[in-house]
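> Here is what each chain is made of, one letter per residue.
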Amino acid sequence: MRALAARAACENASHCHARAVNSRRAVGAGMLIFGFSLPTLPALALGDSTVTLEDVTPPVAPRGDLPPSEERIAKLFENNTFSVVNVFDTTLKPELNLTGSVEVPEGNGTGIVWDKDGHIVTNYHVIGSALSKGLGKKKPVARVSLLVEDGVQKTFQATLVGADKTKDLAVLKIDAPEALLHPISVGKSSNLKVGQRCLAIGNPFGFDHTLTVGVVSGLNRDINSQTGVIIGGGIQTDAAINPGNSGGPLLNSEGKLIGINAAIFTRTGTSAGIGFAIPVDAVSRVVPQLIKYGKIMHAGLKIQVAPDIVAKQLNVKKGSLVLSVLPSSTAAKAGLVATRRGIAGNILLGDVILAVDNLSIKNPPELAKALDDHEIGDRVVLKVQRDDKVFDIHVELEESLN
Amino acid sequence: MGHLSVTVLAQQPSKVAMLPTKSGFVARRSLLMGSLAMLQVANPRRALGRNARDNHDEDLEFEMRTMQLFESTTRSVVAIQDLDLSSNVAAVDMDDGEIQGIGSGFVWDRFGHIVTNYHVISKIAKDTSGKKQIKVVLLGLNGDVDSYNAAIIGLDASRDLAVLKVQENLFRWLFTFFFSLVFKIEVPESSVLRPAVIGSSKDLRVGQNCYAIGNPYGYEHILTTGVVSGLCRQIPSPSGKPIFGAIQTDASINAGNSGGPLLDSFGRVIGINTATFTRRGSGTSSGVNFAVAIDLVRQVVPHLIVEGAVSSSRSVERGVLGPPRYLSLP
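Chains A and L, in that order, are what the protein sequence lines are. Note that the first sequence covers residues 1 to 402 in the numbering used here. Note that the second sequence covers residues 1001 to 1330 in the numbering used here.
Honestly, the hints are just simulated from the structure, not real lab data. Mixed in with the good hints there might be a few duds.
[Stated by the list, open to error] Residues from chain A shown here face chain L by an in silico Cβ test under 8 angstroms; the list is partial: (1) ASP48; (2) PRO204; (3) PHE205; (4) PHE265; (5) THR268; (6) VAL310; (7) ALA370.
Ideal Cβ positions, reconstructed from N, Cα and C, are used throughout, including at glycine.
The following block holds chain L by itself, in its conformation from the complex:
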């Protein structure tokens, strides 16, 4: 029967791991899909007229803010993995299949809905053999790493969005149920799930910092930083139709953090890391990277959750994204 797969790592996962490390006893074969772990902490140059102490404080404050941002958003970013059971004929236990890290996602609400990109799970969505299972891995309390089965709730290929729902496996549920029954303690629903703080993309400004977080294996974070390079960009979607209002950034976006959140300095989600522009399919980031704007996501995802799909009419975009924002002359 499905058993709890809790792995407590030797290192403290609640601290943000800057470089990917493979813990020895977690014997999972995962395909490294070109994940980059670069931390570029911007050090603003001193402007004329500010004294040295001000600048030093500002630099320190910036670093502290950056570190706090990750401490607080860590638990909202999940790993999305593809468990393929067909490779192991004698599989009895759920976790004896081959696990591949395929991307990231983040927790949308306390009901266990996870938002990610359509292209992250499109292969599984189309799979009819029934031998594939989506796993969502997230950090629980005390730094535990928990793996859950997930079901696909909603798909929108023309905006490259997908919603999953985490299913607490039965054993864990029974355990918590009996535990709370015996000890008469109310187990808080949201103890494991930590929904991300949602922001808005309409007041974004080119030049402000942004942070792309991914969590492709469930116990480590890929963090890339950069600035908002451009706004209201058009990018292609898996369905072929264009996605409007995308945020362009020079923070690296690649297979590891695809589906994960793009955050501003306040720790709010401002987009979903989606694509990088490459030439000749080289797969390496060029510094021209894109995220789907959160305002569009916030309009579409509730419908995906409740209805499973959303009409592809453009009225959603027009209502949400409005006309492209213009700069006024200085």
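So that you can see chain A by itself, here it is in the shape it has in the complex:
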């Protein structure tokens, strides 16, 4: 009981001026009755002399093993973080976030180790500055930092292998020993379901190898990429994605790549829980082409078709009118006939393509998209109208003209 009283007495702060007069009287009365003096609490922030260091050092409670779900995610991160790299565009001046003395250099983005040859996949806009300066292939465009076993980051010069603006993807190459390269394992995006867990690893605001976790929020979204192009089929997620996460992986709960983080919807410039990733199925189609050819070859025919205005003048209302056919092309070999002049100087219309593989074509852009959906080398069936006859032409696709 006495201990309680003595301790309570110490707790009356004398510096608390606002305490009303009445309470001081009560305190005074209490003092008189109980005969102890009221020691004053020392002035602001000079410590509490009533306790010792041992009294106020609490023990550390032990913990057991992590619950299985947390253990899985921790292991997923540990296994996959070595496949994630920092990408710094060398043509940009390093932007230092100066907050007091802490300088967090803001790396431009993130990249993914694709294979043991040292190919790194990232977004086109991450190295957009270098690309817009027209640095050719085999020129160093960026610095890439790999995470090495002893915790250090090793930086390499990266050269450009290929880039495609329409898909916001770019492939770089670094000359790193195979032992340091840990390619990501690639999954599929065609069977994704809204609600499934996904993990993003990246370098938001320069904080390297940051893990954020969320779910697939939506599928088949149109991504308004920074390159000014609309990319379809995007995966939407609420895992926090911020500037710096671009080009980084979106993984499923098995640690397989399901997308490449590319954009966020925000009014503040930072994550609002709406992030978008390019689906891995698109990436898997594009990256091997970028590696092999340095660009994406769009499948099509080496022909020129009439734009809408010309087609209208020539009274072609539906389909794509073939204006010219390159002589050595597969289209020529298949017998596609171009528009030409007759002996009397009149215009003889060429073939009008009405459908590709039974998909009807209304205008030239639809023809281009229908052909682009195929690969080079695919054989397609064109429904063609010549004069007043409609028949099929089989043709092999090659690289389109434009």
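On the provided structure of chain A, position chain L as indicated by the hints.
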């Protein structure tokens, strides 16, 4: 004279309130400083090869664990409020001033020491008018909400830490004293104060769940959940010097839960919610949030309590945080 300010709310505060509610008769004007009340309960996706019943049990177990975590840590998280008496000239009673919720804190020990961030109380610490008083509000037994005056015991601006001490007000003390005298019952010291369980930050792993709790008004909890996003980060402190070894998380940290504890799934404190990274001072959380590591706190706070301040030499960090932890290749 200072009177007991006990408000018994119509709702049961011992249950965790997920959304902020303003109880009608608690007529306090408090500035809402952008508190978010989001509960994101993670639902782990089924891994291949596990049968449905296992997964369902695991999900349920996870939810139960989460709920129990809050039931047990609720009473350790306190609200820190700033009572400004200068706005009411005729104030006689302590509680007639304007109260602002300014952040959270948690109970460190049974002596009534409360740990919070320096920036939560820095304005009051610098105030010389004497017209500001820090109030600490915590849940007592039976769900009562009790408000106490608090004194600043120790400050460390370069690690963004502060220690307060709760002063049981005199009337309550007299009451308990007489009560126990008359009925010859020993009033347990720790009946009101429920110290938090302290953990360790050195065995943290990126990817494990963490829970940030705040209690800005004293009767409701802000709970945000997420995972440990990164470790050994450097963040700025109010003094300008960097704080080392900070824990990065995607659980939202904002003004409401600043100063409160960051817990792991075992209910142990692993950090103190401190800051969020925002662009252009937007004030909205970006998913890149930070907590001061508990190992550093555990080294510094006892000195703050006993001495009031701690030397800013880096030997404390070197001894405690060690070299950054590295992952080994799989």
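> Each hint: holds or not?
Do the hints match the structure? See the list:
1. ASP48: Interface hint status for ASP48/A: holds (5 angstroms vs cutoff 8 angstroms).
2. PRO204: PRO204/A check passes; min Cβ-Cβ to chain L is 5 angstroms, inside 8 angstroms.
3. PHE205: With a minimum Cβ separation of about 6 angstroms from chain L (threshold 8 angstroms), the hint on PHE205/A holds.
4. PHE265: violated, 13 angstroms
5. THR268: holds, 4 angstroms
6. VAL310: At 50 angstroms from the nearest chain L Cβ, VAL310/A fails the 8 angstroms test, so the hint is violated.
7. ALA370: violated, 36 angstroms
Checked against the numbered hints listed earlier, the structure breaks hints 4, 6, 7; every other hint is satisfied.
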